[in-house]
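**Student:** The opening position of the sequence shown corresponds to residue 667 in this note's numbering, with each subsequent residue numbered one higher.
Be a bit skeptical, because a hint or two may be false.
[What the hints assert, rightly or not] Quick list of simulated restraints, FRET-style, between CB atoms: (1) Thr811 x Ala787: 17 to 27 Å; (2) Ser732 x Asp783: 18 to 28 Å; (3) Thr743 x Ser815: 32 to 42 Å; (4) Val795 x Glu755: 18 to 28 Å.
Think of the hints as simulated: they come from the structure by calculation, not from any bench. Only a predicted model underlies this, so the values are computations on that prediction, with no experimental measurement involved. The C-beta atom is built at its ideal place from N, Cα and C for all residues, glycine as well.
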Amino acid sequence: DEYTVFTCPVPLDTTDYSYKVSLDGYLTLKGTFKADRIKNSDAQQIVVTDLFTEGTDPAGVTVTESSGTTDVTEGSTTTDSYTMALDTEPTADVTVTVTPDAQTTVSPNTLTFTSTDWATAQTVTVTAVDDTTFETAQTGVITHTATGSDTNYSGISITDVTASITDNDIATPAGVTVT
């Protein structure tokens with residue numbers, strides 16, 4: 667569907683735009699959209715696709731990394747973490763499976779969000795796997811999969827977390843054997 671949202675007296679750029687439109691006091695549309703959601707903007711009239719009626723906001727999962735990044739070190743007891751919360755109340759329990767690659771481990775491996783705790787952030791702790799191979803700068807990618815009977819959340823796209831990993835191994839010069 668397309669909706670003429672409002673007229674704009676200034677040229678559009680790539681920022682986010684907020685809108686709130688009330689139609690005869692019965693229906694209110696509100697939210698934000700990015701400039702890439704604008705179909706046309708000729709004559710300063712903005713037509714936007716994919717608006718959602720207030721109270722029916724789209725499902726989503728917010729991933730927040732501590733300090734904005736996830737940084738871990740091999741062989742260290744130091745961990746890092748990030749949190750996850752649902753953006754809207756689910757109609758049924760939503761389980762998010764947290765899957766690290768071979769460079770990291772996570773705890774817990776699953777998070778369950780209910781209709782009572784959906785907005786409460788749950789913490790995932792990340793630890794680097796300590797191997798014996800010298801590696802330069804490396805990363806570990808942690809993916810997420812949502813399942814459950816709520817069709818708004820089951821299979822929804824969730825942001826990956828990329829952990830920066832500091833290696834604790836020492837490079838061995840060519841021709842040198844360590845015994």
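**Student:** Decide, hint by hint, whether the structure agrees.
**Tutor:** Tested hints:
1. Thr811 x Ala787: 17 to 27 Å: holds, 19 Å
2. Ser732 x Asp783: 18 to 28 Å: holds, 20 Å
3. Thr743 x Ser815: 32 to 42 Å: holds, 40 Å
4. Val795 x Glu755: 18 to 28 Å: Distance hint for valine 795, glutamate 755 is violated at roughly 36 Å.
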